[in-house]
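Chains as they are written, first to last, in my numbering: chain A, 10 to 238; chain R, 10 to 238.
The set of hints was computed from the structure by calculation and includes no laboratory data.
Since copy identity is lost for identical chains, a pair holds within one copy or between any two.
No more than 27 Å apart at the CA atoms, straight line, and that leaves these computed lysine-lysine pairs for BS3-like:
{"hint": "1", "residue 1": "K77", "residue 2": "K169"}
{"hint": "2", "residue 1": "K77", "residue 2": "K54"}
{"hint": "3", "residue 1": "K66", "residue 2": "K77"}
{"hint": "4", "residue 1": "K57", "residue 2": "K77"}
There are 2 protein chains.
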Amino acid sequence: MVKKAVVLLSGGMDSATTLAIAKREGFEIYALSFDYGQRNFFEIKKAKRIAKFFEVKNHLLIPLRLNKIGGSALTSREIFLPKERGFGEIGKEIPSTYVPARNTIFLSYALAWAEVLRTGDIFIGVNIIDTSGYPDCRPGFISAFERMAHLATKAGVEGKLKFKIHTPLINLSKAGIIKKGLSLGVDYSLTHSCYDPLPDGKACGKCDSCRLRLKGFKEAGSKDPILYE
Amino acid sequence: MVKKAVVLLSGGMDSATTLAIAKREGFEIYALSFDYGQRNFFEIKKAKRIAKFFEVKNHLLIPLRLNKIGGSALTSREIFLPKERGFGEIGKEIPSTYVPARNTIFLSYALAWAEVLRTGDIFIGVNIIDTSGYPDCRPGFISAFERMAHLATKAGVEGKLKFKIHTPLINLSKAGIIKKGLSLGVDYSLTHSCYDPLPDGKACGKCDSCRLRLKGFKEAGSKDPILYE
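Pulled out of the complex, with its shape left as it was, chain A reads as follows (with noise of 0.2 Å):
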């Protein structure tokens, strides 16, 4: 029987290479992208471009609108985005990039999807070593979810699936990442980092995101074979 799984992808290395973990793991995979009015609307192209060249069963792309509910610099224009920072700062202390409650909706609707296709399965590129330091990239939270899921839904309740939030990225430097995902044959000129970038696709090199990506592909003994400012 055909294994399913609900893969969160957003255009990024971490969730790419999540997926590429999800298909060497036999699950036939089910992509769910959200546009939630971020300032990146490359990250969406990206997402699939990384769905074709991955051959996904099915990509959703759901719109979110948390522009409307603000809060975060990567959803509204009015809160300032940080940027060269020195690197000893990143993780330190939860950034302005923050969106509110922004996993736990993506996971609600990887839950709903999951369900709708009778599968307990979900991949999410969550990491806590190389990361921003937003709380719900956290296991607390994501066992915390997956305790919730089971009690808010048809099959949860009716023991027929058993949720699983999968995070197999979860403990891995990003270096890490990027040397599993490199084995796995992921193609990281498909996959965007930048919180800001240019009119052109090019990454700004300034962003806790692309100082993390760079120095995850240095430390890889990689080249990143993205364009930059």
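Position chain R against the provided structure of chain A, taking the given hints into account.
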């Protein structure tokens, strides 16, 4: 200091009553409604009227496109909407009107907005007595969500907000809800319950939701002010 609360507002009786209770408790109301591609477009019009009636501070309407995910008679035309079941059956099993992970998605948005508004108070009109038996209306789900909320958010992990999902109707009968609402001045002619109303807005009187409503008004010794087919 003003106390703010996010109140989930569907346009139905239960959420209108919940809003009235939150207002009576002294909260400034931030009403949150969703257009989730449901059959029932009247719900949204009703939600707007109720928000106006109670002079809420803000009313957000978020499009959700749950019809892209499907899996429910309320979001997909392909699933049969049950009618004229015996009363004994209501609540015995989870019906096809169950929308996968609906309250999880609703509460996730409410959580995001609450964090932006810097309040931990969220109201939802779930009920376990006179309902269709949905899992995401039960106390176990609500407390699991509350627990997760503290791990999912910046304000939660930093201990700056204590999230509380208020469920003032959870143990009331439909008649009890109606009596409570009438005592708080709820105008139930502004509310709507039917899963499948006529084009002119009249309720069908036959679906689970209509039947529970009519039974509630009867037991409360009051007359339902809305029009039926």
